Amino acid sequence: MKISARNVFSGTVSGISKGAVNAEVSLDLKAGTPVTAVVTNASVDRLALAVGMEAYAIIKASSVIIGTDLHDARISARNIMCGVVANVIEGPVSTEVDVEIGGGNTISAVITNESAQKLGIVKGGHACALFKASSVIIGVK
Amino acid sequence: MKISARNVFSGTVSGISKGAVNAEVSLDLKAGTPVTAVVTNASVDRLALAVGMEAYAIIKASSVIIGTDLHDARISARNIMCGVVANVIEGPVSTEVDVEIGGGNTISAVITNESAQKLGIVKGGHACALFKASSVIIGVK
Amino acid sequence: MKISARNVFSGTVSGISKGAVNAEVSLDLKAGTPVTAVVTNASVDRLALAVGMEAYAIIKASSVIIGTDLHDARISARNIMCGVVANVIEGPVSTEVDVEIGGGNTISAVITNESAQKLGIVKGGHACALFKASSVIIGVK
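Those protein sequences? They're chains A, B and C, same order as listed. Once you know that position 97 of the first sequence is 97 in the numbering used here, the rest is easy, because the numbers rise by one and skip nothing. Once you know that position 48 of the second sequence is 48 in the numbering used here, the rest is easy, because the numbers rise by one and skip nothing. Once you know that position 12 of the third sequence is 12 in the numbering used here, the rest is easy, because the numbers rise by one and skip nothing.
Be aware that one or more of the hints could be misleading.
Chain copies aren't distinguished; within one or between two, either way the pair holds.
Derived pair list, reagent style DSSO-like, types lysine-lysine, alpha-carbon separation capped at 30 Å [unchecked claim]:
no., residue 1, residue 2
1, Lys141, Lys118
2, Lys30, Lys141
3, Lys18, Lys30
4, Lys18, Lys123
Treat the hints as calculated values from the structure; they're not laboratory data. Fair warning: this is a prediction, and the values are worked out from it, not measured in the lab.
Could you build the full structure based on these sequences and the hints that come with them?
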């Protein structure tokens with residue numbers, strides 16, 4: 001399987017909580033970073049997800065928000081990963097920002113130029129990537 | 001807290017309806033515009049969200065769809081905000097469209113060039129911004 | 001109604017399963033392709049969605065992931081549509097990929113350049129488009 005989603009992180013399923021339509025699935029990445037996903041119950045069943053299984057958290061770069069000064073952020077987005085800006089690619093409308101988050105993982109975000117400039121995103125600087133649980137796709141081998 | 005999400009609107013929590021996994025949270029923006037969000041129950045608990053609290057609705061520009069002639073639109077997206085196009089920034093693939101929606105708020109959308117051209121989006125024209133409740137992140141101070 | 005979302009597919013509602021907050025809605029497109037959406041219960045009620053009704057599945061190009069070698073993919077994303085790449089438009093950060101999926105439908109995705117290059121996406125090649133049920137908006141006439 002090869003997919004365009006820039007962020008594919010390997011981990012282990014640590015929790016599953018099913019609702020009527022959706023389920024919340026927790027993963028622990030190799031580096032210990034937790035990731036929370038909301039997928040449909042039907043997907044949990046079809047993939048036979050179970051605690052302890054190896055799985056991937058897949059997040060499209062356009063779903064990722066970049067933040068700074070998030071130490072005291074109180075925000076509903078369940079996933080926040082901080083690190084060092086490894087690369088910045090600017091276009092006329094969009095800017096790609098890649099953040100090294102430890103454990104050998106880099107998370108890519110596509111944000112608007114105006115945001116990148118307003119936040120002062122530069123290579124080597126500190127930044128956090130945040131994304132909603134509903135933006136996460138779960139994959140298994 | 002500084003984040004790349006272009007759309008951060010201040011308001012007051014007007015309703016919370018919890019399900020098994022997700023919760024629907026309603027906000028009234030300063031200008032009276034309602035915004036509906038779907039976040040996880042765990043986020044509602046962690047942020048201690050309650051009716052009457054001040055909160056922010058945060059929406060990434062790439063989650064926003066631009067429409068025209070939406071007066072009679074029957075569509076599941078819970079949030080529709082109409083106004084005047086304040087700015088258009090074109091790139092080779094993407095175009096940013098900023099719409100003034102009243103109450104001092106502007107909403108930014110990133111759409112494809114082809115869509116912008118097909119819809120005839122021009123500065124000063126009328127346009128509506130629409131986004132799903134699941135695209136909204138809630139923040140509190 | 002005219003909207004910027006590049007992907008608007010006509011079909012018939014084949015199933016509705018309501019939860020506490022969200023509902024899962026299934027559509028069969030004209031070509032027989034199934035599409036699964038997760039929308040709020042309030043939207044199902046407001047649109048008076050019912051099995052057998054004609055409806056549209058609306059998906060923003062930025063929510064669509066492009067994949068290859070997905071034959072044996074085990075992934076939570078509920079919607080996968082495969083076909084032939086009809087067009088590729090490259091920008092400095094983003095690339096638009098249009099895939100003909102049969103039944104007269106083409107699905108557009110906006111991905112990063114790096115992904116397009118890594119996947120070797122070329123006009124005339126085979127590719128699959130995948131998107132989460134939560135990325136689908138339902139529209140009715």
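Item to check | Numbers of unmet hints, in rising order | outcome: 4
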